[in-house]
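*Asks:* Here is what each chain is made of, one letter per residue.
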Amino acid sequence: MAKQSALKAGSKFPTPSPAPVKQTIPDFDRLIHERMRLGIVSALVANRSLTFNELKDLLESTDGNLSVHARKLEEAGYIACTKSFAGRMPRTEYTLTSEGRKALEKYVNHMEALIGVMKKTGENA
Amino acid sequence: MASAEPARKNSPPTPIHSHALDNLRYIRETMERAGAFTAVPGWGGVAMGGTALAAAGLASHAKSPAMWMTWWIGEAVLAIAIGIFAMWRKADSAGLALWSAPARKFAFSFVPPLLAGALLTVVLFKVGPTSAIPGMWLLLYGTGVMAGGAFSIPLVPVMGACFLADGALALLTPFSLADFWLGLGFGGLHIVYGAIIARRYGG
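Chains as they are written, first to last, in my numbering: chain A, 1 to 125; chain B, 126 to 328.
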């Protein structure tokens, strides 16, 4: 069964590229550009700290997906993670670091600059 | 068995700037869903600060208490109008409704102290120590900003606290300095924090 589906996947569907490519935008913080990661950072700007489960509900994500992206942000130093116990349940809490905040600001500025440029060229066209 | 597959876009490439708009909208929406009121106006705050500085200048040369009061009440009405317009524009530019759940929380925390301030102004102007009015305005405005700011970006409560401090100074110093403290608060604080909000949070 597994073999078959693997074969099928191999032959019929060429490996799908995970994210649409946008080469047109130079020097771009790709780390934060990804939807889930942008969501994590945005949610943490609004709240001092959020638990893993709160983030999961907020972003309508799965355990696996969220933890993968949260780890990427953590490795980049954009968010900090503290693990503790609430009674017997493990509790993971995330906060935004100042680098993370700066990264989002930079990203927002970049987006606004893009919009500004596009508006101007749009008016000329 | 939840299908976690995101909707894949196979449509022809959309212009980059609509992606950018979409990304900005997503950031704001996520913040709103995380419980934050994001339509705090940055440039609107700067404009309110500008009119307040003008009011402080004009009021300090007022010939009578009634004239002084007229300048400041005129400024309050103007600032409220600017504030509402700026909030509406900021929400609208992101494609969000102004009257969201976080906005309701913000309004229900922010407006009551202002209403209390309006009533106390009438009473104090008629019967009470008029010199307490400027400090009372700053204190109650700061109270509203701090309370409402709990539902917004962390910078807003900090601005509220600055208004409280400014109000305390206004109450503890002679009335002749009132226009200075009012100008510093409604003018200076609005301009400084408005500019920071505008730069950091887009508008």
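Any given hint could turn out to be false.
[What the hints assert, rightly or not] Residues from chain A shown here face chain B by an in silico Cβ test under 10 Å; the list is partial:
{"no.": "1", "residue": "Asn47"}
{"no.": "2", "residue": "Leu50"}
{"no.": "3", "residue": "Tyr107"}
Everything labelled a hint here was simulated from the structure, so no lab data went into it. Cβ atoms here follow ideal geometry from the backbone N, Cα and C, with glycine treated the same way.
*Asks:* Under the criterion of a CB-CB separation shorter than 10 Å, is Asn47(A) in contact with chain B as hinted?
*Replies:* holds (5 Å)
*Asks:* Could you check if Leu50(A) really has its C-beta closer than 10 Å to a C-beta on chain B?
*Replies:* holds (7 Å)
*Asks:* Hold the hint about Tyr107(A) up to the distance rule: shortest CB distance to chain B must be less than 10 Å.
*Replies:* holds (8 Å)
Going through the hint list in order, the structure satisfies each hint without exception.
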